[in-house]
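Chemist: Using the sequences and the accompanying hints, generate a full structural model.
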Amino acid sequence: MWLMCDTEVFNAYRHRWWDMSQRRRTFISSVGTATAIGLAGCLGGDGGDGDGGDGGDTDSDGGDGGDSGPAARVGMVYATGGLGDGSFNDQAQTGAIRAADELSIEYDESQPEAVQDFGSLQQQYAQSSNPDYDLVCCIGFLQADALTETAEQYPDQNFMIVDSVVEADNVGSYVFGEHQGSFLIGLMAAKLTSQDFSAGAGSTQGDSASVGFVGGVEGDLIGRFEAGYKAGVKHAEEDVEVQSAYVGDFNDPSGGQEAALSMYESGADIVYHAAGNTGTGVFRAAQEAGRFAVGVDRDQSVTKADFSDVILASMVKRVDNAVYTSVESVVNDNFEGGAVNTLGLEQNGVEAVYGQQLGSEIPQGVKDEVSEVRQSIIDGDISVPTDPDNA
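Per the UniProt record's numbering, the sequence shown runs over residues 1 to 391.
Just to be clear, a hint being listed does not mean it is correct.
[Claimed, not checked] Ranges of calculated distance between the beta carbons of each label pair, as one might list FRET restraints:
no., residue 1, residue 2, range
1, Gln205, Glu238, 13 to 23 Å
2, Glu238, Gln116, 40 to 50 Å
3, Gly84, Ser371, 48 to 58 Å
4, Ser360, Glu265, 26 to 36 Å
No wet-lab data here; the hints were simulated from the structure.
Small disclaimer: the values here were computed from a predicted structure and weren't measured.
We put the beta carbon where it would ideally sit given N, CA and C, even for glycine.
Modeler: Below you can see the structure in the form of structure tokens.
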């Protein structure tokens with residue numbers, strides 16, 4: 001089936017997510033803005049094994065605490081926007097939690113406040129010897145420049161990066177077919193805006209056929225979301241208007257709300273976001289305008305349940321699988337530095353997932369067409385562009 005249930009992953013580790021994320025946030029808050037002095041003290045100090053200081057908080061929860069130690073030790077450097085976004089970073093954390101449960105690894109995590117924090121955080125995990133980290137996970141394409149330098153400085157340290165390719169023998173790169181999953185979202189949106197449709201707290205306007213896209217930071221990565229979305233809209237209904245805007249930040253809900261409200265006021269019925277926590281503002285705007293929205297990275301009708309009455313679907317991106325797979329390769333001693341791993345529709349790396357509350361209201365004919373087109377993309381019968389200018 002093309003329709004994955006991200007809630008299965010969330011529910012399976014719900015108890016671990018709450019317990020571990022709370023303890024990790026205690027650790028992170030003690031670091032403050034992740035300055036060199038603060039983090040080095042937590043990662044490389046005397047309390048690395050829980051013997052002194054606040055070591056009980058800095059140790060993560062995955063290992064059994066036995067004499068043999070964890071199967072591996074992992075450092076997580078999240079994207080700006082932090083945990084609690086109900087989207088990209090939380091999805092990455094889900095992979096670490098699963099690895100802790102299933103592979104008996106331990107992990108520590110850091111939430112950068114700005115792009116300039118990436119390099120120091122990567123380096124501090126890499127240079128730490130107590131504990132010694134077997135893998136450093138770098139979540140987000142904005143970390144690529146910093147990681148290029150860090151990987152060269154620490155050639156014996158294994159790294160992985162999500163959403164970008166860093167050409168280094170000690171870096172595993174994981175990229176996704178965002179354009180493919182977004183194509184399915186665009187097709188669905190075009191079909192619904194072209195008819196009278198109401199569900200939950202939203203409805204289409206009936207006298208116009210228009211949809212919107214709100215991006216976080218403009219660039220090649222988010223451009224793939226936009227390109228696939230636009231192409232899917234045009235594939236379904238040539239005359240549907242697509243409005244696009246970039247907020248310039250992944251953690252600006254107010255900016256997301258403003259951008260989306262402008263689109264709704266200009267006739268858009270559905271707005272799809274690829275903007276991290278900025279997308280929370282898109283959901284608020286949808287409720288305010290009585291229209292619809294589409295989430296990203298996780299099933300946001302679950303992770304942002306307060307907005308489930310306007311979230312038609314989400315373009316789920318299995319960042320959790322990328323994190324888990326990379327950790328597993330380290331545990332099994334078959335980590336491939338320099339490898340580029342691409343996860344598209346065929347690999348279940350991306351999927352269009354209907355909203356928990358509104359999914360059943362979407363006409364079956366629309367769902368059937370989405371399913372058919374999904375297979376056509378996998379079979380190579382439909383080629384999805386990655387550049388918005390070519391969509």
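Chemist: None of the hints should be skipped; say for each whether it holds.
Modeler: For each hint, the structure was consulted:
1. Between Gln205 and Glu238, the C-beta spacing of about 19 Å keeps the proposed range 13 to 23 Å intact.
2. In this structure the hint that Glu238 and Gln116 lie 40 to 50 Å apart at CB holds, the actual value being about 44 Å.
3. Between Gly84 and Ser371 the beta carbons are some 33 Å apart, a value that contradicts the proposed interval 48 to 58 Å.
4. Taking 26 to 36 Å as the suggested C-beta distance range, the pair Ser360 and Glu265 conforms, at roughly 29 Å.
Violated hint for the displayed structure: number 3, the only one.
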